[in-house]
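With the sequences and hints as input, model every part of the structure.
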Amino acid sequence: MLRLFRTTSFRFTLIFVLLFTWAVGVLGAVVYRASFGAAARQTDIIIDNELIVLADLFGESGPGMLTRVIRQRTAWRDDSIYMLIGAPSGAVLAGNLTALPPEAVDTEGGFFDFEFERPILDAAGREIGIEQRQARGKLMRFRSSSEAEQSFLVVVARDIAAREDLRGSLANILLRILAATVLLGVIIGILFSRSLLGRVETVNKTARAIRAGDLSRRIPKTGAGDELDHLSDNLNSMLDQIEQLMTGMREVSDNIAHDLRSPLTRIRNRLTDAMKSGPKEQEAALQATLEETERMLGTFNALLSIARIRSGESASVRERIDLVAIAEEMAELYEPAAQEAGFELTLVTAPSPTVKGSRELVSQAIANFLDNALKYAVGGKHIELRVGPAKNGSAAISVSDDGPGIHPDDRQRVLERYVRLEESRTTQGSGLGLSLAAAIAHAHGAKLRLDDANKEPADGEQKGLRIVMVFPPADQK
Amino acid sequence: MRILLIEDDAEAAAFAAKGLREAGHVVDHALDGETGHKMASAGDYDAYVVDRMLPKMDGLVLLSRRRDEGDETPALFLSALGEVDDRVSGLQAGGDDYLVKPYAFQELLARVEALGRRRSAPASSDVTTRYQVGDLELDLITRTVRRAAQKIDLQPREFRLLEYLMRHARQVVTRTMLLENVWEYHFDPQTNVIDVHISRLRSKIDKGFDKPLLKTVRGAGYTISDAD
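If you read the protein sequences in the order shown, they are chains X and R.
Per numbering that gives the first Met the number 0: the first sequence = residues 0 to 476.
Per numbering that gives the first Met the number 0: the second sequence = residues 0 to 227.
None of these hints come from the bench; they were simulated from the model.
The beta carbon of each residue, even a glycine, is placed where N, CA and C say it ideally should be.
Incorrect hints may have been included.
[What the hints assert, rightly or not] Here are the simulated distance ranges between beta carbons:
{"hint": "1", "chain 1": "R", "residue 1": "Asp225", "chain 2": "X", "residue 2": "Thr292", "range": "31 to 39 Å"}
{"hint": "2", "chain 1": "R", "residue 1": "Gly69", "chain 2": "X", "residue 2": "Arg319", "range": "44 to 52 Å"}
{"hint": "3", "chain 1": "R", "residue 1": "Thr128", "chain 2": "X", "residue 2": "Pro262", "range": "45 to 53 Å"}
{"hint": "4", "chain 1": "R", "residue 1": "Ala79", "chain 2": "X", "residue 2": "Pro472", "range": "54 to 62 Å"}
{"hint": "5", "chain 1": "X", "residue 1": "Glu282", "chain 2": "R", "residue 2": "Asp225", "range": "28 to 36 Å"}
{"hint": "6", "chain 1": "X", "residue 1": "Glu331", "chain 2": "R", "residue 2": "Met56", "range": "37 to 45 Å"}
{"hint": "7", "chain 1": "R", "residue 1": "Lys206", "chain 2": "X", "residue 2": "Ala349", "range": "35 to 43 Å"}
{"hint": "8", "chain 1": "X", "residue 1": "Val202", "chain 2": "R", "residue 2": "Lys37", "range": "35 to 43 Å"}
{"hint": "9", "chain 1": "X", "residue 1": "Thr292", "chain 2": "R", "residue 2": "Gly133", "range": "36 to 44 Å"}
{"hint": "10", "chain 1": "X", "residue 1": "Pro472", "chain 2": "R", "residue 2": "Ile140", "range": "38 to 46 Å"}
{"hint": "11", "chain 1": "R", "residue 1": "Lys150", "chain 2": "X", "residue 2": "Ala349", "range": "32 to 40 Å"}
{"hint": "12", "chain 1": "X", "residue 1": "Ala287", "chain 2": "R", "residue 2": "Asp225", "range": "43 to 51 Å"}
[To be verified] For lysine to any residue, the following SDA-like pairs were computed, each having C-alpha atoms within a straight-line distance of at most 25 Å:
{"hint": "13", "chain 1": "R", "residue 1": "Lys17", "chain 2": "X", "residue 2": "Leu285"}
{"hint": "14", "chain 1": "R", "residue 1": "Lys100", "chain 2": "R", "residue 2": "Lys206"}
{"hint": "15", "chain 1": "X", "residue 1": "Lys374", "chain 2": "R", "residue 2": "Met56"}
{"hint": "16", "chain 1": "X", "residue 1": "Lys355", "chain 2": "R", "residue 2": "Gln91"}
{"hint": "17", "chain 1": "X", "residue 1": "Lys374", "chain 2": "X", "residue 2": "Gly459"}
{"hint": "18", "chain 1": "R", "residue 1": "Lys100", "chain 2": "X", "residue 2": "Glu339"}
{"hint": "19", "chain 1": "R", "residue 1": "Lys206", "chain 2": "X", "residue 2": "Glu339"}
{"hint": "20", "chain 1": "X", "residue 1": "Lys374", "chain 2": "R", "residue 2": "Arg174"}
{"hint": "21", "chain 1": "R", "residue 1": "Lys100", "chain 2": "X", "residue 2": "Gly459"}
{"hint": "22", "chain 1": "X", "residue 1": "Lys380", "chain 2": "R", "residue 2": "Met56"}
{"hint": "23", "chain 1": "R", "residue 1": "Lys100", "chain 2": "X", "residue 2": "Ile255"}
{"hint": "24", "chain 1": "R", "residue 1": "Lys100", "chain 2": "X", "residue 2": "Gly212"}
{"hint": "25", "chain 1": "X", "residue 1": "Lys380", "chain 2": "R", "residue 2": "Arg199"}
{"hint": "26", "chain 1": "R", "residue 1": "Lys37", "chain 2": "R", "residue 2": "Met56"}
{"hint": "27", "chain 1": "X", "residue 1": "Lys355", "chain 2": "R", "residue 2": "Leu178"}
{"hint": "28", "chain 1": "X", "residue 1": "Lys380", "chain 2": "X", "residue 2": "Asp458"}
{"hint": "29", "chain 1": "R", "residue 1": "Lys214", "chain 2": "X", "residue 2": "Leu289"}
[To be verified] Here are a few chain R residues that sit away from chain X, every Cβ distance over 10 Å (derived from the structure):
{"hint": "30", "residue": "Glu33"}
{"hint": "31", "residue": "Asp57"}
{"hint": "32", "residue": "Ala147"}
Structure (structure tokens):
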């Protein structure tokens, strides 16, 4: 519970409840004043008017007329209350009040509130009891101009008991509404905080599980599509990336162990043998060792490059690059080597949209495709480097050869680290060229695809291999 | 050449120093950045070879300080960090060349000697516009190449290749140096692409002449020279 009070959502709820209560309070006060302030003023005006009328009557027609009128009005038996007292005698001449209210004495000419007793009548007009009523009135002294020594006290009042009852019950209702508002607000706040806390707790639980070593855990989503779900989404994709990096790291170390262990073993065996043999064999062994270490360095560098490119810490892939220009340069670089290896390298370009990437890395990917073709397109004669626009405003690079190609079942595998198909075990190379290209494609958000260069080869023709790298449009990503 | 080698790996440093001395250079060695900086300010060197990650003072910091103090001695960075970004930061700190570890000693030697040549070359106000090796001439203004007064037609890239070789005449130039400086790539192709370009160039400038100028240095690279 203590934790509940410290949550942000609870504090927000508290503030919300306070504001809401304040608003309801103000609203209630306004309603209260509007209904009863006006009614109270209305009563006072009626009393004043009545007094004026009575004063006029007294001035024009004298005390006899006044007494008669008051008696008449009293007989109506509504909310009106009158009292006419003769002075100095003090006799009650007319009216429905039995005694002058004590509150009236000090407030001559002003309003006063008082209580009086009223007989309760049944339907037939018989008196069956007495009730206490509330009233508001005004006392005035009428003097006749002719008989200066004689004056009259006039009390005009209104029974306000019904109104006061209403006022009481309205105040009561308003207070209840206020109390209900506070209570409801607090309950909603607690429930809201609880559910929020519960969801935050699932995030915490996932984080603890991950810290304990279960990196495959993900934060479950409620499907509400709200901010918390977005947060979970973001955290989950962050976790995906971390997991990918961790896997990458593990793969790198596995691969290093795998690919460097065998040459190291070979080197050790060779050196052990050489120690027991003559100088000529020793020199040969040293030469072989030197070559082997060179190859190992190459493998090592390729592995590191793959790891770095994969982990996204590699050189910015954000420059705008012209694939056509890059392809022209690569074709120019490789053309002599291709010719020497017995291939005809042709470059086919069409104006292509610029893409975002790294000239260095894209060049390296193309170099790896061309290396791959030169090395493995056994029996082939042609290599084609092609650059052109692709679907959706993107651009694609492809390298095709007319060698034996790669069996569909093996295509995915060659893009993975280290795979060199069995038939090619005898050829030199780290076997990492296409994996490196795959990592480069991944870093560019590009898709790498392998398929047949020639779907329906004629007699004596081979299927060939076509490697296609499709870049996303520059404005995307 | 007097070379200051600042490298904290004693064994690697000893290997490099031995090789450089065998090639006829004088080598001083510092084991950490601070010592290196002191030695650099005190001595008069033709080139620095600086490891990027050094104890006490980072290689990048060291070189930027030397540059701030007006020291223009050419410097080569050695680093295990080989990505383009790392190279750029090395060059921004005032490095003239960048060699990624592990490297072949021949590569280091060739690059250090290329640096020394850069320093002894005339100041920039007096830019070289012609190179000559034996009877082979290359004119940068008319962009023509002649051998024994006979004009040789070269492709633009072949011209740049020959220009680079002649700028470093009588020095060994490695394949990687050519790839970096003539083609501006920093990766190693699996195929011997450079060798084929060289042999094409060779067939144009050496074929039909008695004395070959463009020579292969086994295990290292190429050199253009009229020496026998």
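Hints and how they fare:
1. R:Asp225 / X:Thr292: 31 to 39 Å: holds, 35 Å
2. R:Gly69 / X:Arg319: 44 to 52 Å: At 38 Å between Cβs, range violated.
3. R:Thr128 / X:Pro262: 45 to 53 Å: At 49 Å between Cβs, range holds.
4. R:Ala79 / X:Pro472: 54 to 62 Å: violated, 36 Å
5. X:Glu282 / R:Asp225: 28 to 36 Å: holds, 33 Å
6. X:Glu331 / R:Met56: 37 to 45 Å: With a Cβ separation near 43 Å, X:Glu331 and R:Met56 satisfy 37 to 45 Å, so the hint holds.
7. R:Lys206 / X:Ala349: 35 to 43 Å: holds, 38 Å
8. X:Val202 / R:Lys37: 35 to 43 Å: violated, 54 Å
9. X:Thr292 / R:Gly133: 36 to 44 Å: holds, 37 Å
10. X:Pro472 / R:Ile140: 38 to 46 Å: Taking Cβ atoms as reference, X:Pro472 and R:Ile140 lie about 44 Å apart, which means the hint holds.
11. R:Lys150 / X:Ala349: 32 to 40 Å: Because 37 Å falls inside the window, the suggested range holds.
12. X:Ala287 / R:Asp225: 43 to 51 Å: violated, 36 Å
13. R:Lys17 / X:Leu285: holds, 20 Å
14. R:Lys100 / R:Lys206: violated, 38 Å
15. X:Lys374 / R:Met56: Outside the cut-off at roughly 46 Å; violated.
16. X:Lys355 / R:Gln91: Roughly 24 Å separates the two Cα atoms, so the pair holds.
17. X:Lys374 / X:Gly459: holds, 20 Å
18. R:Lys100 / X:Glu339: violated, 32 Å
19. R:Lys206 / X:Glu339: Given pair R:Lys206, X:Glu339 holds - Cα atoms ~18 Å apart, limit 25 Å.
20. X:Lys374 / R:Arg174: holds, 20 Å
21. R:Lys100 / X:Gly459: This hinted pair is violated, its Cα atoms lying about 47 Å apart.
22. X:Lys380 / R:Met56: violated, 56 Å
23. R:Lys100 / X:Ile255: holds, 17 Å
24. R:Lys100 / X:Gly212: violated, 35 Å
25. X:Lys380 / R:Arg199: Between X:Lys380 and R:Arg199 the Cα gap is close to 21 Å, so the pair holds against 25 Å.
26. R:Lys37 / R:Met56: The hint holds at about 11 Å.
27. X:Lys355 / R:Leu178: Roughly 24 Å between the alpha carbons, so the hint for X:Lys355 and R:Leu178 holds.
28. X:Lys380 / X:Asp458: Judged against 25 Å, a Cα distance of about 15 Å means the pair holds.
29. R:Lys214 / X:Leu289: holds, 23 Å
30. Glu33: holds, 29 Å
31. Asp57: holds, 19 Å
32. Ala147: Holds, because the least Cβ-Cβ distance between R:Ala147 and chain X comes to about 26 Å, which exceeds 10 Å.
This entry does not satisfy hints 2, 4, 8, 12, 14, 15, 18, 21, 22, 24, going by the numbered hints stated previously.
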